[in-house]
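Take the position in the sequence shown, starting the count at 1, then add 111; the result is the number in the numbering used here.
Don't read these hints as lab results, they were simulated from the structure.
Please read these numbers as outputs of a predicted model, since none were measured by experiment.
Ideal placement from N, C-alpha and C gives every residue a C-beta, glycine not left out.
Don't take each hint at face value.
[Stated by the list, open to error] In silico DSSO-like pairs for lysine-lysine, Cα to Cα no more than 30 Å straight-line:
| hint | residue 1 | residue 2 |
| --- | --- | --- |
| 1 | 189 | 262 |
| 2 | 158 | 270 |
| 3 | 189 | 130 |
| 4 | 132 | 259 |
| 5 | 132 | 199 |
| 6 | 279 | 225 |
| 7 | 276 | 256 |
| 8 | 254 | 270 |
| 9 | 279 | 130 |
| 10 | 279 | 256 |
| 11 | 122 | 132 |
| 12 | 256 | 158 |
[To be verified] Between beta-carbon pairs, the in silico distance windows are:
| hint | residue 1 | residue 2 | range |
| --- | --- | --- | --- |
| 13 | 159 | 122 | 29 to 37 Å |
| 14 | 127 | 224 | 32 to 40 Å |
| 15 | 124 | 186 | 41 to 49 Å |
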Amino acid sequence: MLQVKDRHFLKKKVLIELKEKLINLYPMKDNEIFPKSSKIEMVKTEKDLIIYFINDEAMLIQDRDLLFPTLNAVLDKKFKLFEASVDKGAIKFVANGADVMIPGIVNVDESIEKGNIIAVVDDEFKKTLAIGLALMSANEIKKNKNGKAIKSIHHIGDKIWNTIKNLKS
Numbered sequence: 112m113l114q115v116k117d118r119h120f121l122k123k124k125v126l127i128e129l130k131e132k133l134i135n136l137y138p139m140k141d142n143e144i145f146p147k148s149s150k151i152e153m154v155k156t157e158k159d160l161i162i163y164f165i166n167d168e169a170m171l172i173q174d175r176d177l178l179f180p181t182l183n184a185v186l187d188k189k190f191k192l193f194e195a196s197v198d199k200g201a202i203k204f205v206a207n208g209a210d211v212m213i214p215g216i217v218n219v220d221e222s223i224e225k226g227n228i229i230a231v232v233d234d235e236f237k238k239t240l241a242i243g244l245a246l247m248s249a250n251e252i253k254k255n256k257n258g259k260a261i262k263s264i265h266h267i268g269d270k271i272w273n274t275i276k277n278l279k280s
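Starting from the given sequences, assemble the full structure and let the hints guide the process.
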């Protein structure tokens, strides 16, 4: 679990900047993620990781330059990300935070580009196992037979997950 260094509600100027950044990264209307009269709280942790709570729900994480949805937000269908499906053999490893290797990938959204934030899902039930950073495009993943395709950045039971769980209780 990560230690909390600072916790406060966002000022209007910062909120506007966050909305703009989010809309540029993910296809959505700002009122889908920030309903009118939402309370947006920022929780800064020991490793300068920021967790954004919207109406008391952990929705976004900022880790240096990366801004991505929490696993809970994706599981609750608050965010729609490109997906990469993994086979049964990879599920246990991905769920425990392993990066995704090409041989374990069954299917990928055609639109995935290197640097995209994506959901890693199990092929059978389409349940999100992790949030990852694409290290290569969908075309490169299909073309290559080996190598690391997705860097895991958030999964069930990781420090971020446990910090959010602790902050909610």
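Against the structure, the hints:
A distance of roughly 22 Å separates the Cα atoms of residue 189 and residue 262; the hinted pair therefore holds under the 30 Å criterion. A threshold of 30 Å between alpha carbons decides the hint, and for residue 158 with residue 270 the separation of about 11 Å falls inside it, so the pair holds. Between residue 189 and residue 130 the alpha-carbon distance is near 15 Å, which keeps this suggested pair within the 30 Å criterion. Taking the CA atoms of residue 132 and residue 259, the gap is about 28 Å. The hint holds against a cut of 30 Å.
Between residue 132 and residue 199 the alpha-carbon distance is near 35 Å, which puts this suggested pair outside the 30 Å criterion. The suggested pairing of residue 279 with residue 225 is violated, with an alpha-carbon distance near 33 Å, which exceeds 30 Å. Restraint check for residue 276 and residue 256: not satisfied, since their Cα atoms lie roughly 38 Å apart, outside the 30 Å limit. Simply put, residue 254 and residue 270 have alpha-carbon atoms about 34 Å apart, too far for the 30 Å limit, and the pair is violated.
Only pairs whose Cα atoms come within 30 Å are accepted, and residue 279 paired with residue 130 is accepted, the gap being roughly 23 Å. Taking the CA atoms of residue 279 and residue 256, the gap is near 42 Å; set against the 30 Å cutoff, the hint is violated. The straight-line distance between the Cα atoms of residue 122 and residue 132 is roughly 16 Å, inside the 30 Å bound, and the hint therefore holds. Among the hinted pairs, residue 256 with residue 158 is inconsistent with the structure: their alpha-carbon atoms are about 35 Å apart, more than 30 Å.
Range check, residue 159 to residue 122: Cβ separation about 19 Å, and the 29 to 37 Å hint is violated. One distance hint, 32 to 40 Å for the beta-carbon pair residue 127 and residue 224, is violated here, with the actual separation near 27 Å. For residue 124 paired with residue 186, a C-beta distance near 31 Å fails the hint of 41 to 49 Å.
Comparing the model with each numbered hint stated earlier shows that hints 5, 6, 7, 8, 10, 12, 13, 14, 15 do not hold.
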